[in-house]
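Sequence order for the protein chains is A and B. Taken in order, the first sequence gives residues 1 to 296; the numbers are from the working numbering. Taken in order, the second sequence gives residues 1001 to 1438; the numbers are from the working numbering.
Everything labelled a hint here was simulated from the structure, so no lab data went into it. Wrong hints could be hidden among the right ones.
[Stated by the list, open to error] Straight-line alpha carbon distances no greater than 27 Å define the calculated DSSO-like cross-link-like pairs of lysine-lysine that follow:
no.: 1; chain 1: B; residue 1: 1058; chain 2: B; residue 2: 1331
no.: 2; chain 1: B; residue 1: 1045; chain 2: B; residue 2: 1336
no.: 3; chain 1: B; residue 1: 1331; chain 2: A; residue 2: 50
no.: 4; chain 1: B; residue 1: 1336; chain 2: A; residue 2: 153
no.: 5; chain 1: B; residue 1: 1058; chain 2: A; residue 2: 153
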Amino acid sequence: MKNQANPWLTGNLFVLALGMLPAILLIGALLYFTAWAFAFSFTDLALVGKKSVEWSWVGFENFERLFTRRGFLESLWTTVIFVFFSAIVGQSVLGFLLAATLRGTQSSIRGVVEVCIMLGWLLPDIVAAFLWSATTSQTGLINQLFVVPFGFKPINFINDYALPIVTIANVWKGTAWSYLLFSAALDSVSREVVEAAKVDGATPFQRVWLVQLPIIRPHIATNMLFITIWTFTYFPLIFAMTGGGPGRQTETLAVFLYNQSFSRGNLGFGSAISVAMLLIVGVLSLFYLRMLREPK
Amino acid sequence: MLRTGFLTTVAAISLMAAATIPARAEVSIMYMESFAALIESGIEKFEAETGETVNAIKLPGQGYDQRIALDLSAGTAADVNLIDSFMVSELAAAGYLEPLGTQLAGWDQFQYYLQGLLEVASYQGEVYALPTDTDVRMLWYDLSNFEKAGIATPWAPKNWADILDAATKLKEAGVQYPFQLPAGTKQAEAATMQGVYMALLGADVPEGDRNRLLKRDTNQWIGDSPALRRVFDLYHQVYVAQELNPADLNYATDIGAAVRAALANDQLGILASGSWEDACLWDCNNPPSREERDAQVGWTPWPGSGEPGTKATTNISGGWTLGINANAADKETAFKLLTTIFDEENFKAWTLANHRMGVRTDISESAEYTADPFLAEATGLAADTTGRDTIPGYQTVSALIQQATSDLLDGVSVEEAIETYHNALVDEFGEENVITYE
C-alpha cells in the first residue's frame, strides 16, 4: 500500500515528536503513579521521621514480608471472600435476577423498584456506613423490629457478624450498577430469538440459561471486570463501618494497605502491598478479558 | 512574521498577568472538632485584629493523626496545624515543621510555658510547637451501673484483679460494656495510651524501664518482656477469655460518639480514658455543670497490676500542640494567628471552661484554676506522671501495639501476639535496636 502520509510531516522528526507529545504526556501521567509505587516497594520509605527523607533500597524484603508476616495473607483471604460474596454472588446475581424479573412488569412498578435500587448507589459511602452501623448495632433497627419484639435477646450484629454485615451492605450499595447493565443487556436480546425458543418447547429456565445468558455473555464479563476491580480495592464503606475490625475480621487488602502505610507509616511496605494488589487484579482482569472474546 | 509577533505578545501578556495576580494572603489552620472552642474564638479575634481571612479546616477526631502526617508529608497541609504532641519530634525530624525559637523569643507570653511540656514539642533542642493542654489518665465509671451491680462507690481498685472483678459484676448485672478498654487499630493512639501504656506502667518494676515500650538509656525498643505479656494477657482476659466487653465500640463509625451514646444509655461500666472526659464525655465544646457530671460518673486512678514491686497507681500524660508548617507561605502571619489563639484571655477562658490541664503558669497558678476541684485532683495525679517515648519511630511502635491489641481481640494467643510484635519491631528498627526482658 502506498504511504498516504504527508511527506512534509514524515520527513520532519521535530514536528513528529511535537505531535506525539500529548500522547507521551498522557501515557507518562498514567504510568507515573504505578511506577512510583513499584519503585518505592523496594525501599524502606516512611511517612514521617528520618526515613521519609533518607530512605534506602531494601531489595525484595518488603515482598518477602507479605508472606512471612501476619496480615497480608489473612487480608487477601478476607478480600477474596468479600469480593466473591458481595460483588460476584451478591451484586451480579441479584442484579441479573432483578433485571430479568422486572423486564416483564409494568413500567410504573419497575420505575419505583429502580429508584429504590438506585438510592443505595447514590448515597455517599460515609452516610451509608453510618446508616448500616446504626441499623445493625445492638440497639439498632433490626433488633428493635425483628429480634426484641419476638422475645429474643438483642444481637450485636455488627460486632458478632462483621464480615457478613459489610458484605450485605456492599451488595445493597452496589447492586444498582449490575442491575442497570443487565437490564440494558437483556433489552438487546431480540424478542424473536426468545419466542423461537419458546415455540421449540424450551422451558423458562432453558430460555434464560441456553438462550439469553450466552447472548449477553460479553456483558457479564464486562460487569464482572468492573465490579471485581472496584470491590477488590474498595475502602470507604468498610473502613467507616468497622475500620477493619473487630480484630482483623473485616481487614480487606485496602484497609490493610491504609493501616500499614498511614498508621504504621511504612510507605515502602505499603507500596509492596499495592503492587501485589495490582498483580492480582491484573490477573483477574486478563481472565475476564478472555471471557469477553467470542467462543470459536 | 506578523503571526510570530502576535504569538509572542500573547505569551508575554499571559506571563505578566500570571505574575501580577496576587498570591492570596489567606492563612489556613487545620484542627480537630474537639478543639473548636479554643481555636474558633482565636480565629475570630485574629480576623478582627488583622483584617485577614482565615481558612479554617475543621475535622473529626477519627483518623486525624494519619491525616496530619499525610498532609504534611505530601506538602498539602494548612499553615497552622493542631498536632498530637507525640508526633512533633517525628514531623520535625522529617523537616515538615517550622522551628519557632526566633519568633517565640519576641513573644512576651512564652515565658509562662512549662519547660517539661515544651520538651515534648521539641526536637534537638528547638521548639517546634506550642502545647494547648496536657492530661492525665484514669478509669471513669458510671455511678448508676455500679449501684446496680452492687459495687461500693467511690470505687478504689487496688490492682487489676479488682478491675476484672468489678467488670464481672457489671456484666452479671446486665451492663453491655462492663470495661471499655481501648483496643485495635481504629482506636489509634487511644489504644496505646489509654489502654496499653497505662497498664504497662504498672505491670512490672520501673527499674531498667521494664515497665515501658522503650529502654530509654540505650533507645532500644522492648520486643518482649514480662510486663508486655501481662498487659497482653489483660486484653486477652477482657475481650476473649472472660468476655468482659464486646469489641464493637472500638470499631464504631465514630468511636467518640458511640462511647458518649453508650454512657447516655447507661450501657457503660468502666471506661479507660483521660482527664479530657470531664468535658468530652458529653461534648468537648459544651460541657454540663459540675453537679450534673458528678451525679453521673466518678473516676479513680489506674491501679498497678499488683505484682510485687510495681507502682500502686500509674499515669502517663500527652496533650496537643499547635505548630507551623515549614512550607507556610507567610510564616509571620501564621505565627500571629498562633499567638492570638494562645493569647492569655482566649486561652485561659477555654482551659477553665473545658477543665483542661494548664500548660502555662500564668493560667495554672490563677485563682480560678486552683479553685476548680476536678483540676486540683487531676493535677495531683500529674505529680507522678511520665510521657511517651517520643523518639522518632514511636508512631510506628504505637501502630504495632495497636495491631497487637487488634490481634488479641481476635483471639490470637498472647504468645503469638508477642512474637508478631517482636518480629515487626525487628523489621522496622533492626535486630540491634530491639531487646527482650526475661
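Consistency of the hints with the structure:
1. Between the alpha carbons of residue 1058 of chain B and residue 1331 of chain B the distance comes to roughly 21 Å, so the proposed pair stays at or under 27 Å and holds.
2. For the hint linking residue 1045 of chain B to residue 1336 of chain B, the alpha-carbon distance of about 11 Å falls within 27 Å, and the restraint holds.
3. Taking the CA atoms of residue 1331 of chain B and residue 50 of chain A, the gap is about 24 Å. The hint holds against a cut of 27 Å.
4. For a cut-off of 27 Å, the pair hint linking residue 1336 of chain B to residue 153 of chain A is broken: about 58 Å separates their Cα positions.
5. Between residue 1058 of chain B and residue 153 of chain A, the direct Cα distance comes to roughly 40 Å. Violation of the 27 Å bound is thereby established for this hinted pair.
Comparing the model with each earlier hint shows violations of hints 4 and 5; every other hint is respected.
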